[in-house]
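So the protein sequences, as listed, match chains A and B.
With the first letter of the first sequence counted as 1, position 87 gets the number 87 in the UniProt record's numbering; the numbers rise by one all the way through.
With the first letter of the second sequence counted as 1, position 200 gets the number 200 in the UniProt record's numbering; the numbers rise by one all the way through.
Please note that the accuracy of each hint is not assured.
Note that the list lumps identical chains together, so a pair holds whenever it fits in one copy or between two copies.
Only pairs whose alpha carbons sit at most 30 Å apart, straight line, appear in this in silico DSBU-like list of lysine-lysine [claimed, not checked]:
{"hint": "1", "residue 1": "146", "residue 2": "30"}
{"hint": "2", "residue 1": "9", "residue 2": "172"}
{"hint": "3", "residue 1": "171", "residue 2": "296"}
{"hint": "4", "residue 1": "255", "residue 2": "305"}
{"hint": "5", "residue 1": "30", "residue 2": "219"}
{"hint": "6", "residue 1": "40", "residue 2": "26"}
{"hint": "7", "residue 1": "26", "residue 2": "9"}
{"hint": "8", "residue 1": "324", "residue 2": "30"}
{"hint": "9", "residue 1": "26", "residue 2": "255"}
{"hint": "10", "residue 1": "231", "residue 2": "9"}
It is worth saying that the hints were derived from the structure and are not from the lab.
There are 2 protein chains.
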Amino acid sequence: MASIKDVAKLAQVSVGSVSKYLNGGKLKEKTTIAIEQAIKDLNYEKNTYATGLRTNRTHTIALIIPTIWHPFFSELAFYIEAELRNYQSKLILCNTQNNYENEVAYISMARQNKVDGLIALTYSNVDEYISSEMPIVSIDRYFSEKIPTIMSDNFAGGGLAAEKLIQAGAKKLAFIGYGSIYDNSTRDRYRGFQAYCQTHGIESEIIYYEGRHHEFNEKLPELVQQIIINKAVNGIFVVNDEQAYEVLELLQKNKVRVPEDVQVIGFDGSQQSTNIPSSLSSIRQPIPAIAAAAVKCLINVIEKKEAPLKTILPVTYHPGATTKE
Amino acid sequence: MASIKDVAKLAQVSVGSVSKYLNGGKLKEKTTIAIEQAIKDLNYEKNTYATGLRTNRTHTIALIIPTIWHPFFSELAFYIEAELRNYQSKLILCNTQNNYENEVAYISMARQNKVDGLIALTYSNVDEYISSEMPIVSIDRYFSEKIPTIMSDNFAGGGLAAEKLIQAGAKKLAFIGYGSIYDNSTRDRYRGFQAYCQTHGIESEIIYYEGRHHEFNEKLPELVQQIIINKAVNGIFVVNDEQAYEVLELLQKNKVRVPEDVQVIGFDGSQQSTNIPSSLSSIRQPIPAIAAAAVKCLINVIEKKEAPLKTILPVTYHPGATTKE
């Protein structure tokens, strides 16, 4: 492979001039033309290790998510990667699978200079491994230190779900969901839901479980039966779409018709792919806007420019087949 | 940040000894203990640029796919990333969005030493940019040069779809699909389907469109009406799951009941996430096995070991709600 020295030799200029050219410096027109011709003739491509060593930038960003195999996270990764291209940066994909060791291993990558920064969406207690000196932006979760956070307006989303269920004719509502103890965004969803119900004098049940997914799933069949049969609930807001699909399956097993007998609204509003729309009524998170804000914010942190500590983006209602409206 | 020199100074050993230690070389026990203590005291972490420069390995692999925002590709990326962890390698995610310039840009990354190799799933004609000297493994598509390819047994899958439709009671079958002119795997699906029908004397229609997705989608409503009304088809094999969802929507619009009047089988068998099973009957590609084979094969190519040129993996039938069996 051709080196910078080969280019200089062929162009009959100094190595310094070629270096200056490669880094966007101004040169005489004659010199520029000679260098460009030599680069073309030699099919020269910049050695990125050497560049990384010099500028301390790798132009790679790590995206830390629980799993890419999930419509919300895959849509998010899609838009973040597209956004990073505007900054000539690449995305390293890190699936933590909610495994603490995996998360810590990925975060330590940044210290080793392997990436310029992190965009993290994590529900573990990794606070002690994260210092605010490391370029990091958090999505969907506040850290204890001063780390910029991008999130949807979960509180407003909870209220919007209650409002839409009532508008569509539901009389008695329930919230169903679980979250990790570090997960404040899902708590905001039920708080917004609860606040709306209280303000408007609407009867509502709150089922919120703090713990692990599989523990909650074991309890779910009984919980769903209880609220439908004993409590006569006819409008359910579920904490996220994935859980909503599980609730829908349980309703079907109990011969409850959706949306005729019970209406269901999820949260996320993501779809499987660009071409397959979701049939679930849901509060949609503004995924393209979250991606754009996270990337912009991280680039600012890396370049030591000012970045907002909290960015809260508005949600919208996506009507599907699980509500009457 | 502490450097290798700082470690050597504190441990009172030579820089060479520290370097030897970091690269797994044997040293006197006393020296090893002193270096380990110094590394701990200084919180020293290896500078990866320098390592990359020395060994010419970045321990990163680029995965080139049309879009991560799709259940098949997100499941594939999930397993490839997990597999790469066994080789201490990271995954760089590249969504080409079927854009030729994007594909070429990503492939040129490898030349710039930014990644150790590529795993590519592409439907464009990028042959001229790919030379077999570059560590690359292809999924789902043969390249003209000698590049190792991992794929599902598409031909057998097409036959299996026809067999399952007949077993479930369908009498007259159709294949519906499209593919790019460079896409041999989708062609194998209808060829396998066709071969099965011919061998078993089954009446069948083949609708295969070579071209772009949106062009095909414009024709789809008319095609579906034709085969259902004029041809009385009652079993449809669709080239992939995404297309199958579109066909299902059109059948619903035409008040055709699935699976009562018409049965439908897709191809891919991917699901939205670990926890949401798919309701579509489909020929499932062995995604975890494809991921494992692609990574193993690429590592062998990078390390200049022998790698099989073609790996064809068996498919299975996933019965869902769109067939009677």
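Checked hints:
1. 146 x 30: neither (50 Å within a copy, 43 Å between copies)
2. 9 x 172: Close neither inside one copy (80 Å) nor across copies (72 Å); limit 30 Å.
3. 171 x 296: This pair counts as neither: shortest intra-copy Cα distance 43 Å, inter-copy 57 Å.
4. 255 x 305: Cα proximity of residue 255 and residue 305: none, with 57 Å in one copy and 58 Å across.
5. 30 x 219: The answer is neither: 76 Å in one copy and 56 Å across copies each exceed 30 Å.
6. 40 x 26: Only inside one copy: residue 40 and residue 26 sit 19 Å apart there, 46 Å across copies, limit 30 Å.
7. 26 x 9: within (19 Å within a copy, 42 Å between copies)
8. 324 x 30: Cα proximity of residue 324 and residue 30: none, with 71 Å in one copy and 75 Å across.
9. 26 x 255: neither (74 Å within a copy, 68 Å between copies)
10. 231 x 9: neither (84 Å within a copy, 72 Å between copies)
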